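From first to last, the protein sequence lines stand for chains X and V.
Here the first sequence is numbered in full-length UniProt numbering, starting from 1 and rising by one per residue.
Here the second sequence is numbered in full-length UniProt numbering, starting from 1 and rising by one per residue.
Simulated from the structure, these hints should not be mistaken for lab results.
Warning: the hint list may mix true and false statements.
Stated by the list, open to error - Which chain V residues face chain X? A few, computed with CB under 8 Å, are given here:
(1) R15
(2) G21
(3) M43
(4) V44
(5) D46
(6) P49
(7) F167
All values reported here derive from a predicted model rather than from experimental measurement.
Ideal Cβ positions, reconstructed from N, Cα and C, are used throughout, including at glycine.
2 protein chains.
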Amino acid sequence: MRHERRADFPLERVRQFLEPGPVVLVSSQWRGERDIMTMGWHMVVDFAPSLLACVIASGNHTHELVRRSRECVINLPTFALIDTVVGIGNTSGADIDKFDHFGLTAQEGTLVKAPLIAECHASFECRLHDDALVARYGLFVWEVVKAHVAPSPKVPQTIHYRGDGQFMVSGRQVSRRSAFRPEMLP
Amino acid sequence: MRHERRADFPLERVRQFLEPGPVVLVSSQWRGERDIMTMGWHMVVDFAPSLLACVIASGNHTHELVRRSRECVINLPTFALIDTVVGIGNTSGADIDKFDHFGLTAQEGTLVKAPLIAECHASFECRLHDDALVARYGLFVWEVVKAHVAPSPKVPQTIHYRGDGQFMVSGRQVSRRSAFRPEMLP
Numbered sequence: 001m002r003h004e005r006r007a008d009f010p011l012e013r014v015r016q017f018l019e020p021g022p023v024v025l026v027s028s029q030w031r032g033e034r035d036i037m038t039m040g041w042h043m044v045v046d047f048a049p050s051l052l053a054c055v056i057a058s059g060n061h062t063h064e065l066v067r068r069s070r071e072c073v074i075n076l077p078t079f080a081l082i083d084t085v086v087g088i089g090n091t092s093g094a095d096i097d098k099f100d101h102f103g104l105t106a107q108e109g110t111l112v113k114a115p116l117i118a119e120c121h122a123s124f125e126c127r128l129h130d131d132a133l134v135a136r137y138g139l140f141v142w143e144v145v146k147a148h149v150a151p152s153p154k155v156p157q158t159i160h161y162r163g164d165g166q167f168m169v170s171g172r173q174v175s176r177r178s179a180f181r182p183e184m185l186p
Numbered sequence: 001m002r003h004e005r006r007a008d009f010p011l012e013r014v015r016q017f018l019e020p021g022p023v024v025l026v027s028s029q030w031r032g033e034r035d036i037m038t039m040g041w042h043m044v045v046d047f048a049p050s051l052l053a054c055v056i057a058s059g060n061h062t063h064e065l066v067r068r069s070r071e072c073v074i075n076l077p078t079f080a081l082i083d084t085v086v087g088i089g090n091t092s093g094a095d096i097d098k099f100d101h102f103g104l105t106a107q108e109g110t111l112v113k114a115p116l117i118a119e120c121h122a123s124f125e126c127r128l129h130d131d132a133l134v135a136r137y138g139l140f141v142w143e144v145v146k147a148h149v150a151p152s153p154k155v156p157q158t159i160h161y162r163g164d165g166q167f168m169v170s171g172r173q174v175s176r177r178s179a180f181r182p183e184m185l186p
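Model the full assembly from the supplied sequences, consistent with the hints where possible.
In structure tokens form, the structure reads like this:
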């Protein structure tokens, strides 16, 4: 299940994995302590620079680690990892080391100290770009500074959370490319 | 295709429709001018009050209408509307009235003046809650003040944008409710 050969990926195209709204795993590290959090509250903010926003409420162990380190990694799990994703969401990093507990591989990042999760389809190294709304909502704006993506499958099967323990699994692809004005396409 | 009998829906449960990441249609009105915008950059910020964030860049005609009126309606289209969604995303409200052009029904709201789109599965009336990051990123934080949802289907087939003219259609539902700690469920 581990993706050994994840490759560099263009930052301005990261949106193709996150805009559809999958659950992601946020990994972080601060002074030797590390954590993983399951997160569904995120959105794209810009293409270039590649900016993302997400909400990590102050009650989460991860909140303190990312606020202090000003870094994180946003990892994209596929359907194969659904039970790990649920387990991570239902435990606290204050009690356990989630990499050890869930048998996940911490991989060294290139530009951030937070660990990547090797078992995920993609990992996006992020630096804190704007903390103006952190105190009010736990709303962080990140810049993706490095992207690692498995070369296949091109379109991974992702999981999307509906609340109440219910998930939607990504379905079929439909192209409407021919209906787009050229300037709307990359 | 029009949903005549959309019913009131609990505000704290709105997240079940938006957290999975569907493309939405934002309708707005300011001084007799109205517009609709296709949008994929949004996220849940809180349950209660029901807060959402979204990015509406200043280049969009909708930006000016929502910034001035401090209101909008976030409408949830299903797969049946995909070509309308694409058409709305590839035209500008500076040139056409999108309700007329795309044959959509403007329905009166309860608490906001912006029109609801009757053909959508759900419509969420929103009031501007926080404009701190509007100038910097076009990032609006909204409070959902009224929700209208079609009683069936319970789980509508939604469309999710990947960029480059490519969409993902929502797939099957999977429950992991039994794996959740009781306090993680509503």
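Q.
Does the closest beta carbon of chain X sit nearer than 8 Å to the beta carbon of P49(V)?
A. Check failed: Cβ of P49(V) comes no nearer than 11 Å to chain X, outside 8 Å.
**Q.** Closest C-beta approach of D46(V) to chain X relative to 8 Å, hint status
**A.** For D46(V), the interface hint holds, since the closest Cβ of chain X sits about 7 Å away, which is under 8 Å.
Q) Hey, does the M43(V) contact hint survive, CB to chain X under 8 Å? A) Hint holds; M43(V) Cβ to chain X Cβ min 4 Å, cut 8 Å.
Q) Close enough to count: is the Cβ of F167(V) nearer than 8 Å to one in chain X? A) Because about 5 Å separates F167(V) from the closest Cβ in chain X, which is inside the 8 Å limit, the hint holds.
Q. Under the criterion of a CB-CB separation shorter than 8 Å, is G21(V) in contact with chain X as hinted?
A. holds (1 Å)
(Q) The hint names V44(V) as touching chain X; please verify it with the least Cβ-Cβ distance against 8 Å. (A) holds (5 Å)
Q. Quick one, is the R15(V) hint okay against chain X at 8 Å, beta carbons?
A. Hint on R15(V): holds, closest Cβ of chain X at ~5 Å, below 8 Å.
Checked against the numbered hints above, the structure breaks only hint 6 and satisfies the rest.
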